[in-house]
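Asks: Here is what each chain is made of, one letter per residue.
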Amino acid sequence: MMRVLDFAAMNTAVILAAEARTGVDDALAAARSFIEGAERRFSRFLPESELSALNASAGDWQDISKDLLEILLACAAFHGETDGLFDPAILPALKNAGYDKSMVEIRATGVSPRSGVPQPPRSRFGEIKIDSTRQRVRLAPGMQIDLGGIAKGWIVERAARLLAEWSMPCAVSAGGDMVFRGYPTDGRAWRVNIEDPLDPERAILGLRLGPCAVATSSVTKRTWVQAGHLRHHLIDPRTGEPAAGNGLSVTVVADSLVTAEVYAKALLIGGQQEYSGRASQRPDLSYYVVCSDGRITTGPAEIEQLPSLDPIHFEYAAPHV
Amino acid sequence: MTRIRLTSVLLRTWMALTSVFSFLIGWAMLAHAPKPTQASAAAQSAARPLPTLAPLAPLDLSGNANGAASSFTHLDIQQPQGMFGGAPIFTTGGS
Chain H
1 MMRVLDFAAM NTAVILAAEA RTGVDDALAA ARSFIEGAER RFSRFLPESE LSALNASAGD
61 WQDISKDLLE ILLACAAFHG ETDGLFDPAI LPALKNAGYD KSMVEIRATG VSPRSGVPQP
121 PRSRFGEIKI DSTRQRVRLA PGMQIDLGGI AKGWIVERAA RLLAEWSMPC AVSAGGDMVF
181 RGYPTDGRAW RVNIEDPLDP ERAILGLRLG PCAVATSSVT KRTWVQAGHL RHHLIDPRTG
241 EPAAGNGLSV TVVADSLVTA EVYAKALLIG GQQEYSGRAS QRPDLSYYVV CSDGRITTGP
301 AEIEQLPSLD PIHFEYAAPH V
Chain E
322 MTRIRLTSVL LRTWMALTSV FSFLIGWAML AHAPKPTQAS AAAQSAARPL PTLAPLAPLD
382 LSGNANGAAS SFTHLDIQQP QGMFGGAPIF TTGGS
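Listed in order, the protein sequences are those of chains H and E. Using the working numbering, you'd call the opening residue of the first sequence number 1 and step up by one each time. Using the working numbering, you'd call the opening residue of the second sequence number 322 and step up by one each time.
So here's chain H without its partners, still in its complex pose (with noise of 0.2 Å):
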């Protein structure tokens, strides 16, 4: 049997569970106390966190924690990897969209309206300067970034690590972005649903999975109205706005999941190029896209036992069983 324990912190819902076993509920409460520091540090929502203190500093250079060091440069990798699809540098588009404060201010006060003046050209993720050795970064003049989910991904994993240490078999669940540590105390699987993006009160298909981590991004989670337009939280760097794809959500399995959420952000702002391209050069992770006209996209894992069975039927077994 497992112990639960779930919380509210980044801005989304927080689960968090462990074999019960002595000392089970001190490993849950440090690994919230992690969470909710960690969150402290890396929200750009918080004036005197330490991103917002790097966003501030744009221009000059500034010491990191090794933390923060560690994240930009899976950060700068993965930039790359993606051919700048993943990109951070897009908080002044996101901004820009309307989104430049949480969402549960957006909620209780309304959007912001657009500016009118043109953005100045935006900077890209690649001018940033990193030194690992004397551990700071300088961000190019102008250029502002949002860890977002990848903070969350990280943090995420760290939890799960802190977790796993003290209590096996475990799992951290982040608003649906989580990671398994281990396999159920009964022996088979841990179950996931992926959510129908347009009806979060029902799921849409079923995964039984050994240990990996989930990631999915969405286009129908964080949105608002800004002058009559649907906007949402996920912005194409090639345009500087909100993605316009025919993805709804992508949900990845991978080993990590700095990387399950990376690729499902790419995944979802690349549409159907990137994930029958790029994603199947991955054989280390599957993909689950929900297309706008209904249609559920997986891969590349999978793709060789589609035939058999209908993709909208409940309940299969990805390859990290």
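Hints are computed from structural coordinates only; laboratory data are not their basis. Watch out, some of these pointers could steer you wrong.
Stated by the list, open to error - According to the in silico footprint, chain E covers these stretches of chain H (three or more CB under 8 Å from chain E):
| hint | stretch |
| --- | --- |
| 1 | 167-178 |
| 2 | 192-202 |
| 3 | 209-221 |
Unchecked claim - Some, not all, of what chain E presents toward chain H, calculated at C-beta under 8 Å:
| hint | residue |
| --- | --- |
| 4 | Thr-334 |
| 5 | Ala-352 |
| 6 | Ala-408 |
| 7 | Phe-411 |
| 8 | Thr-412 |
| 9 | Gly-414 |
| 10 | Ser-416 |
Just so it is clear, CB atoms sit at the ideal spot from N, CA and C, and this is done for glycine as well.
Let chain H serve as the given structure and place chain E on it in line with the hints.
Replies: The following block gives chain E in isolation, referenced to the frame of chain H:
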């Protein structure tokens, strides 16, 4: 001529006797065969009549309750709140 008559008598006699013996053998076999009224109790219980089946529900080809076309089939799975084999069931849908 006499030889032909003799052969004819012998043949008739053989046919008559063969017919009589065949009739008697058949009689004896039927007389010793189990009759329907002598079936075992197990066979009788297996032969009980089946209950009448409930009528089938009417077939709905409309796709959903209001008859509108559905782009894809939803599975009526409730949002997982419970546990499965001692572990929670998770949901992913973005945040």
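Asks: Just to make sure I understand the rule, a stretch counts as covered if three or more of its residues have a C-beta closer than 8 Å to a C-beta of the chain. Does the stretch 192-202 of chain H meet that for chain E?
Replies: holds (count 10)
Asks: Holds or violated: Ala-352 (chain E) as interface residue toward chain H, Cβ cutoff 8 Å?
Replies: violated, 62 Å
Asks: For the stretch 209-221 of chain H, do at least 3 residues have a Cβ located nearer than 8 Å to some Cβ of chain E?
Replies: holds (count 7)
Asks: Interface hint check: Ala-408 (chain E), Cβ to nearest Cβ on chain H, cutoff 8 Å. Holds or violated?
Replies: holds, 4 Å
Asks: Under the criterion of a CB-CB separation shorter than 8 Å, is Gly-414 (chain E) in contact with chain H as hinted?
Replies: holds, 3 Å
Asks: Taking the closest Cβ pair, is Phe-411 (chain E) under 8 Å from chain H?
Replies: holds, 5 Å
Asks: Does the nearest C-beta of chain H fall within a distance shorter than 8 Å of the C-beta of Thr-412 (chain E)?
Replies: Interface hint status for Thr-412 (chain E): holds (5 Å vs cutoff 8 Å).
Asks: In terms of beta carbon proximity below 8 Å, does the stretch 167-178 of chain H have 3 or more residues touching chain E?
Replies: With 8 residues close enough to chain E, the hint holds.
Asks: Does Ser-416 (chain E) pass the interface check with chain H, least Cβ-Cβ distance below 8 Å?
Replies: Since chain H brings a Cβ to about 3 Å from Ser-416 (chain E), closer than 8 Å, the hint holds.
Asks: At a threshold of 8 Å, is the proposed contact between Thr-334 (chain E) and chain H supported by beta-carbon distances?
Replies: Nearest chain H Cβ about 77 Å off; hint violated.
Of the numbered hints listed earlier, those contradicted by the structure are 4 and 5.
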